Structures are given as C-alpha cells and as structure tokens.
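> Here's the letter readout for the chains.
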Amino acid sequence: MALTVLVIDDEAPIRLLCRVNLEAEGASVLEADNGLAGIEVARQERPDAILLDVMMPGMDGWTVAQELLEDEATRRIPIIFLTARADVRDRARGLGAGGLDYITKPFNPVELADLVGGVVDAVQRGEREELRAEKLSELRDLLGTT
Amino acid sequence: MSHHSRVILLEVVPLFVLAALYLGVSLALAPELLRRRERFSWLGLGMWLVFILIGTIAALAGGERLSNDEFLSTLSPWVVSALALLALVPGAIFVWRWKERHLLVSAGPRVDKAEREASESRRDAESISRLSTALSRAGSGREAANRLFDELESVLEVTKAMIATVDEEAGVAAGYAARGIDETWWRTVVLDLETARSGVVAVARERTPLVVFDVKTSPQVNQELATRVGAHSAAFVPLLADGRVTAVLAVASEKPRLFTPSETELMQDLANETALALGHASSRDALEEALERERVISEIGRRVRSELDLDAVLNVAVTEVGMALDLSRAFIRLGDSGDDAPVRAEWVAPGVETIGNAAGRLPVSTLASRERRTVVIRDILVAPDLDDPSLGGRDSLVELGTRAVIATPILVFDRIIGIFALHRAEASVWSPHDVSVAEAVAREIGIAVHTAQLLQQNERRLQEQAALLKAGQVLTSDLRFSSVIQRLVTEVVQLLRADAADCWVYDERRTMLRCEAVLGVPERNVGREIVPEGTFEHVLSTGRALLKRDFARTESPTPTEDYRVFAEVMDAPITWLGEVRGVLGVCAREHGHFDEKDLELLDTFARLASLALHNAESFGERERQAQVQRGFYRIAEVLGSTLSLGETLDALAQAACDALGGSSALVLEPSGERLRLTGAHELRAELREAFAQGLPGDVSSLRTAAEENRILSSPSLERDDRFEESLRELLADQGYRSLISAPVLGAEGQKHAVLVLFREERKFSDDDLALARHLTGAARGALERAELFEGERRAHTFSQRLADIGGLLATKLDPAAAFEEVVREAPVLLDADSAVLRLIENDDLVVRAAWGPGTQGIRNMRSSSAGGAVGIAAQSRAPLAVSDARETPRFGHEDPLLANGMVSCVAVPMVIHGGGLSGVLTVYDSEVRTWREDEVQALSALAATASAVFSSAELYQRVAEEKERSEAILANIADGIVAVDRDGDIVLWNATAEQISGVPAAEALGRRVSKVLQRDLAAGEGATPGERTLSIQRGDKEVWLSVSEAVMLDAAGAVAGRVFAFRDVSSERVVEQMKSDFVATVSHELRTPLTSIYGFAETLMRGDVEFSDPERKTFLGYIASESERLINIVDDLLSVARVETGTLRLTIEEIDVGALAGEVVARAQEHADRWELELDLPAAGVVVEADREKLFQVLLNLVDNAVKFSPDGGRISISARRRAESAEVRIADEGIGIPRADQQRIFSKFFRAEGTGPGVEGTGLGLFLARGLLLAMGGRIWVESKEGRGSTFVFELPAAASGVVEEAPEKVTA
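In order, the protein sequence lines correspond to chains Z and F.
So in our numbering, spot 131 of the first sequence is number 131, and the numbers just go up one at a time.
So in our numbering, spot 61 of the second sequence is number 61, and the numbers just go up one at a time.
In isolation and in its complexed conformation, chain Z is listed as follows (with noise of 0.2 Å):
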C-alpha cells in the first residue's frame, strides 16, 4: 500500500530531500511552502501523514498542528514534527500540540520513511492514544535524565 506523505517545510531542499526519499520507499508526496498553504492541501488530499516543520514565516508548525488538530477532516491525519528545534521542552511542546512523533533536524532521509510508515500504521491500528503515550514516556525519561 503506498502511502501519501504531505511535507509542510519553507526550505525547498529539504521537501526536495524528504520527497527523493520516500518516493524511494514507494510513497506519494505532497509538498507546501508555507503553513496555510499546507493545512488547505492537507484538507483537499488527505494525506496518510503529515511532515511538519516548525520555523516558518508566517504560520509556524505549532499554529497548523493545532488547525489541523482542530478541523474534522484532518483530525486523524498523524503529525510528525520535522525541525531543526532540538530542546527537550520543544519537543514536549510539539507532542503536547498533538504531533505523534519528532524528528530533530538533521536527520537520516532513508530512515524517514520507515518512520512514517510506523506511525501510520500504529495509527491505523487504534494505537495513536497509545503511541503519544509511548512517545510522552520517552519524553519523560529524556527530561529526568537531563
């Protein structure tokens, strides 16, 4: 089953990067520049998941989580932040605004895929409560250790 990843990133070579890789991996690959633009492609297409950055001109990625997180048809769409924000508490607060998974840049673009496919299907299979809760605990254990 070929899986549908929309990238929301305001730097064009890594949509680029994300893209070459996961079409690699036999997924489909939908791209936005910019927050609002994502959120409407988002609604439109029903992407299987999303790649979110967080630092962006105008909307930043915490304000389209929540849009997301807010609108009926993108609700259940998994989020998986993608930003160069590497603290702890901005991780907290990227899980806390409703992202599934995140992913500190820079990163492995041939791990990316089998990323997204995890999440996707721990979703599809009812587990999202129990993902977050998974990922929070791995928060925690980060917090305590620092």
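None of these hints come from the bench; they were simulated from the model.
All of these numbers come straight from a predicted model, not from anything done at the bench.
The C-beta atom is built at its ideal place from N, Cα and C for all residues, glycine as well.
Incorrect hints may appear among the rest.
Chain F is faced by these chain Z residues, among others (derived, beta-carbon under 7 Å) [to be verified]:
1. 14
2. 20
3. 24
4. 103
5. 105
6. 106
7. 108
8. 109
9. 110
10. 113
11. 117
Given chain Z, put chain F in place with the hints provided.
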C-alpha cells in the same frame, strides 16, 4: 172754568160729601143703637132715620146732577153748593160731639146714674173676682203686686202705686214693688216703724186705710218720699194677713183726687186679696233669694277657685261681689294683724275713689279683725260700734264716700289672715243675703289664699330642692377639693341669689378659720386666716346656721374690711361626723334679702357641701394613697431593675416626693460637717447648686435626725427655729414652706436623709409619718441593691478603665509618656484630685510624673525612700491609704502635696517583674476620704501596669532602636523586601518593593500580597525552597521577579509570618530569553543547512536508489550552497565574537559602494525573486574607506533584513550619497516597519523585533553585527521607520579622500 167743571165742583162734590157724612154717621151709630136696644128711645131712632134720609137724597141728587145737566140747572150752582154746605152743619156737629152720642141715643143722665151705681157694684165684684183669679196664677210676690197694680189701674185708673213690706220684728218697712215710679229706688227705701214719719208707717201702725187729698199739707206723709214720687193726692191701705199688717199699699195721683170711700173700700178689698198671695209669694221669694244667693256665692266661688294666682283670685272675688251686690267698693286686706294689714285687692264702682293710702284707717274691717266676726253697719254715721277711738274714727270712711259697710274676717283654720269688706255709698240695710254672700266669699277667699300660699310654698320648696339637687350634682361632679370648694360658693350664690359667698375652713387645732374660696368678695381674701369671732364664732360654737341682719353695723369686727358693704350675712356650719369643719356664708347688700327659709336652705346646702367636701377630701386622700402606691411601685420598679446608686437615689427622691405629695425632694448624705446632695427630684438648679456646695448654715438638726434615724417634720419652715435663718431663707426664696425628712440607711450603713419640700405649709398627718417610715424601710432594699450594683459596676469600671489605660500605655513606647498618662488617668480612676509617680533612683524617690492641683514644680524632686506615706509604701511594698493626713503631721512634712491642701492620699508601690521596686504611685484628694478597698486595688493594678510599662517601655526602646536600624537597612537594600503576618497581611513593604512593584507602601500595608500584586509570592506547600522567578504586572508591563522566601515560625512552630525578598530580573530575563532564543535560532540556522548537506549526502549514498545525473547535480548543488550558508553563519558568529572582544581585524581600503552594492543585490536576488531590488547611486560613484568584506557583510545583512521584513514583496532600494567627509548609504524597504519603541533596541545583540515571530529565520545578530562593524570602521548606523510603512536603514562611513567620481546615477533593476 167750564160749566161742567163748575157744576161738578160746586154742586156734585158738596152733594156727595153731604151724602157720605150722613150715611157714615148712620152707619156708625147702628151698633150703638143695637147695643142699647133695651133702653130704646124713639128720638134716637128718628134722628138716625133722618140722617139716612138726608144722606140718600144728597147722594141721589148728586148722581142726577152728574148724569143730567138739566137737573137743578135752574138753580145757581152756588146756591146748590150753599145749600149742601148748610145741610152739612148738623151732621158735623154730631160728629163733633161723638163721645156724647150715647146721650143722644140713650135715655139720659138719670138712667146713667142708676146704671153707674149698678155697674160700680158689679165692677167691684168683678174686679175682686178678676184679681183673685190673677193672683191665684201669680208665681211670686212681685208678680202678685203687679197684678194688683194692673187691677188698680184698670178699675180705679191709678197710675202710681207702691207696696212696702212691713217687718214688725225688725221694726222697719221696706220698699218692695212699685209702678209708675222708679221701682229700683223704691226697693231701697227703708222706713223705721218706730221713728219714721210716713203714710206707710202710719197705716202699718193704725191698720186702717188713710186717704190724703193734699199730701203737702198732711203731717202723716213723708214729704221726701212724696216729692220723689210726685204725688198730690194719695191713699194708703194696709195689707192684712192673719191680723197682721204684712205690707202697705200706697197709691198716688199727680192731680188732686179725692179717693172715694167706695174706691178705698175696693182698694182695701183688693189689698186684702193680695196680702195673702203676697205672703205665699214672700215665702217663695225668700227661698228663691236664698237659692240665688247660693248661686251667686257658688259662682263667685267657682271663679275664685278657677284662678291659681292669688292676686287673680282676690281680684275676681272683689269684682264679682262688688257687681253682684251693687256695691260702691269691695276690697280685701291680707295680713294677720288687722290694724295695718295692707289692701291686696280692691274693686270700685265707676266714679268711686280707691282706698289709696287710707288703708291704715279702715275702722270697720279693723273691728271685724279684732272681734273675729262679721260687722254689718247700715250707716256709719249712726253706728255706735265705731265710737271706739282706737278704731280710727269714721272720717276716713266718710272721706271715701262710704255710708254702709260689711266687713267679715277671712279665716284659715281659725286663723285670721285678712278682711273682706263691702262698702256702699248710701246708708242701707244689708240683707241677710248680702251678709251671707260676704261671709261665703270670705271663706272662699280664705281657702283660695291658703291654697295659693300652699302652692307658693310648694313651688318655692320645689325650686329650692331643684336648686339643691343641681348644686349637689355640681358639687359631686368634681372630686378635687379646690374645685369643689370654688363651686360651692358659685352654687350657693346662685341658689340664694346672694351678692357674695365665701367658704372658710376651720382649723380646730389652731382655732383659726382659713378662707378657701370667695365669690363677690375680692379674691385677696382667699388664704386669709382669722380668729373666728361674731357670727363665725356663734356658728362654730352652736353648730347652727345664723342669719345676721344689719350685718355691717352690728358685726364687729367684720371678717375682713371687704365685708363692710354687706347688709345681711348668713353663715352655716359645714360639719362632718359631728365636727364643724368650716363655715359657708352668703352675703347680701340689701336689707331683707334673706329670710328664714333661705337660712334653712343655706343650712341644707352646707350639709350637702360637707358631703361634697368630704368626698373631695376622700378623693384627695385616695389620690394621695394612689400616689403613695405609685411611689411604692416606683420603688418596686427601682428594686426590680438594677440601677446605679445615683439613679436609685434620684428615684428615691421621686418616690418620696410622689408619696408625700411634695413639690420637690432631695436625698442628702452627711459628709463631715456638711450634707452632701446625693439625689434629687424636681429640684431647681439654684437649690441644687446651693446643696451641691454644701448646705448653708447649721444643718445639725437635719444631720442629727438622719444620724439618729428619726423623721423630722417642719409644718411651717418660716417659724421653725430648728433651722438656721439662711437655710430657711433659701428655701423660702424657692417657695418652700414646709418639709419632712425621712432617714434612709444605705447598704454600708450610710445615713441618707430623704428631704421632701412642700410649697405650702402643711400639717403632717400620721399617714404622712407612716408613709415616711415605710419609705425608709422600702428604700433600704433598693439602696442595698444599688450599692451592690454600684460595687460591681465600679469594679467593672475599674477593670474596664484599667484595661483601657493598659491599652493606652501599651502604645506608649516612651516610658516618660507612659508615666504622664498614668498620672493623668489615676485621679480620674479614683475620682481624686492629683497623682504623683515617683521612681526609685539611687535609693531616692524622684518625681518623674505628676498631674493635678499642687503638682507644679515638683518634678524631679527627690525624697528619701524611707520617709512619709510614700516611703512607707515603698518600704513595705504594700499600698498605704491615708484618710486624713492631718492626723499624722509628719506625712505633711515629707510630702509637698499633703503640706499644701491635699488631705488624703493612697500610695501604692510599683513592683517590677522579679519583685524589684521601681517606684511609688500616689493619688491625692483634697477632702477627707475613706479609700475603698476596690479603689486601692484598682490603683495597685494601675501601678502594676505602670511598672510593666516601665519595664517593657525600656525594652521597647531598645527594640525600637533595633527596628529603626533594620528599617534603615531594609529601606536601603537593593532587594524588595515584603513581610506578611500570620494572616497574610503585609506588614513590611520597603522602598525597593515600592519601586519594583510600582505600589506605594501605604497602599500595600495591611493588605494581602495577592491583592496588591494580583498574584501570590509564596511558593505554596511542599515547594522546594530557593529562588523562584515569576512575573507580576506593573501597569501594563510584565516585570520578572526573582523571589526568595523565608518563613518565620513562632514559639509553637506555627507560621507567624513570611518574608519575601525579590529582585527585578526583567532585564536579565530578557537577555536570558534572547540568549536562549539565540541559541535556539543559531541551532536552527546551523541545523538547517546541515540537514540539507547531511541529508543529500546520505541520499546520494543510498544503494537502493539510482539517481540520475541532473538529480545528483541538484543534490550536490544544494550541498555546496548550504555549506556556503553555513560558512556565512559561522563567519557572522565569529565576527560578533570579534566585535565583542575587540579583536576584529580590518583591512581598510577605498571601496566603491556602488560596485559592492551591485554584488549584494545580485547575490540577494538569487533567493528573492518576489522583490524589486533597486540601486540608486550617483554617477561619480561613492567611494568610502572600509573593509571590503565587512562592508559586504553589512550590506548583505541589511538587504536580507529588508527582504525578510517585507513578507509581501515590494521595492527595496539601495542608495548612496557622498557627503562632505562621509558617505551615506540608505537601504529602504516597504515592509512591516519597526515600532518606535524598538528602534534603538534592534541594534542590540540577540534582539529580534516583536511580531517577527518564531517563523522568521535569522540569528538576531545581523544588526548588532552591522553596527559593530560600522563602528569599527569609523561609521555609524541608524534607522528611520514607521510601523507598517517600511523601514530605511542608513549608515555613514568615512568617505575616501580621493577618487570622487562624478557620474550619473546608475539604476540597476533586477
């Protein structure tokens, strides 16, 4: 005249007249002829026939002559006429002698005589027979007399006839009936058979008829009567019955006439015939007369009785009798004394004088009164009864024109009450009828007078009773003594129509009469007191009412001078239970105003008044008892409610006043020589003041009475020498006249005297004394209760006061101020005059505080701690109370206050914690005073408080100094310090806290932190201690605080408060935030190109995907450009570090700004195709002295910023201009602009303008770096911007000294 007429006139008429005459006579004679046919005469018949013949011829001739002209025509008419007249003569003569016709037709005088004689005898017989028949039908004597007169007239042609009755027993003859003369007069004629000269009398005596031809010459005839009758001749015939002359008939003729014997005989026969009838008739007459009399009497009686008014009765009686008996006068005198009884009613005939003032000289009625019998006098001139000179003689009667009198006494129950008298102007015989009428009417009058008197009496009695009843109602309608007594005099004046009245009350003890009320006498008499004398004395001693006539003259002395105007006075005793209580009097200005009845009435009224007064007194008594009861209730009320002593004493005064009916009352307590006013009721201020200052003069009597528990009463203060003159004057000035004092014992045996004052002099009854004693008993309970209450209250007051003072002192940190307070409060506490506080200093007592009289200049005075009362208290460490220091002279030597006016004192030691003595507190009073235990205790408590204050004040002082120091430190400390108490209320808020929070201490203190700062500073339970950072709002600005907290615990371990210390870390925090943001941003800025580099490298290294060449080229291109981007970032970071450390290395050269800007634009344009980049340079170019790389870096940063902050695209222009020594470069965009507030800060490190948002990339170092580089190159930078309108960044650099190229500006548009 015609012939025919002449014939008729001269012939026919005479002939017919002739015929008529003769035929008429013939016809007239015809009955005569017929009547006298027995004595027929031819002559007579012949003559009659001749007459008829002549008449017939004449008639025929006349008729013929009338119808036949020829007849007798030969004869001259005058002849015929003459013949006719001639023939008329004999007939006329016959008619002329018509009366003697019978002579003509009869037989002549002889025959007549014979006939006459025969007829006379026959006439007599007929006459007697006729009279007899008439008499038998006559109903009365008078009628019989009239029949006789008829007969006499018809037979004897007598026109004047009279009958007089003869009363042989009375010896008189009296006119009875008459005809032809005035019968009324005749009936009044009375002739004495013995003495009178009269034909009647003579015939009565002789019993034979008497004929008198000429009365004037007759000695036997009464000339007077004869003249009156008008007689010339007369005849008197006796009327005999049973051989007695019962009456005499007299006939008279005006002309001389000789009554023949036959006539006399006839008269005698007729008289005899009449006498019998007259006898019968007389009897009947007598009966009728008696009946008539009864009728008259009953009629008068009826009319008399029909009148109710006595005067009307009397008037009716005199009028009726006067008219009925044909009197000249009738009158009634009333009065038991006949001599001078006044005439009450009189009737007189018309033209008769009234009695007038001759009333006192009426002898006949006086005689009747004296002899109690009816006196009948026919003629006063001859009445021997009137010879008595004491009767007053006849003259008065003569003057009144009276001749005949009847006087009969009017009797009521055998008592003569008056005389009824009848007068006639002529002497006359009073018939029994008259006398009977007079007596009967007199009886009627008696009854009427009696009835009227009874009625009058009844009426008056009714009036009196009604008046008494009304007065009684009026008197009993009011119950107050004063009103009753005033009404008494008002009513008695009305009742007795008096001019004045008064009421006096008798004081038996003092034998004085006191005037209580007057009316008609000046009011000034009310209240006067007199010793009873004269009438009063008489009334009081006898207990009977007295009428004093001729008062003004005989009463000596009159009660007061105002009574001299009265003519009569009646006084009646007012008695109750057999005791005379007073006198009620009425006065009249006129003599004869009062009578015995009035006296009785007054007496009765006085009895009524006694009752009313007694009622009023009873009422007064009851009211007073009610007042007493109210007084007791009042006391009970007092007992029931716990009152203060003062109120109780006032209530006691009121109760005493109410109970005894006094005007004012006061309660006094002996205090030394004086009496102290402790309670009062209705007491005027003046008196209150006088008593407050102590009673004037000698009060020993009052004091002694109170001390000996005695009641003291003074019914009349004015005369009571037990009291000092000045006291009496004082009380008299205030209008008090009497007093009573009752002792009352207080709970602690204080002897009070309750003094009730009265405005009037007053006799104190046993009731009053009993009441006073009762009051004494009843009040004691109340006083005991009040004293208890007072004690409690005092204790309460003391403790309250002490607590207050303690509170007050606690606020005094300065011991000196505290001591001042103590000496001020101590006298107030004990109601004393002064207080002195001495402290032990070097074994001496030094005055440290003093207040009150006598304390001037004693401050700091030293005294031995061993001497005087104060020394004793200090040595013994125990209170010392001195009631009267004068008893211990050395006290005075040791103590300046006791030496100068103060008399009593109490000294208490001030013992400090641990038993040490700190000083002595002494209170002084200028009066002798027994210090109560509770007072001493209260003062001790105050001293203890003062000691404590002394100790704590010192401590406080030290603490205060410490506190001041702390406060100074706190005030100057850089941190904000806030302390809250256990309740969380702020107790400390230092200056720094004010600065940081913007809230002044005044606003913060006492409030809660959460209210002041809108958030709490406390960490809350379980929080880790240490510094915390939190934000508060200062105005609209967020202020970050770094807070540390200290919890203060009290001895019990409970939180007693918290102290917060905080610093404003807002600026530090901003820097921190910027740093944090910077790190994140730099991290992001570094990671983003790294991601591309690393990602594309990994991608290229994927073995599973085969990329095309263009792909690979693209990937590698990204790796290269992102690497360059990474290098630029690192360069910037390095430059910043160098700028900051000053280790920036510059290579200054001449640089053409235009060329460099062109490179920058070209470079920027690669990433910014939405923006229009424009270059505006002068043609000559602008050459500056700068480091080329650094300038490039600056320009690139500025252009990048312009792009970054113009999200909607637009024009970005770069212009450069040459100035004198410098060049100016402007980079202008049309972007979002920069708020004015941020325009300075944008050049600081890490600053990223608000609204930039996290989405805008950049390290935030660009402008900082640009500024730093420009400064390093000798230039400067600033910004010109308006929010929303774009920004223009301008920098200057030193211009290159050479190479000023003047060229036209070259516009480069990408």
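> For which of the previously enumerated hints does the structure constitute a violation, in increasing order of number?
4, 10, 11
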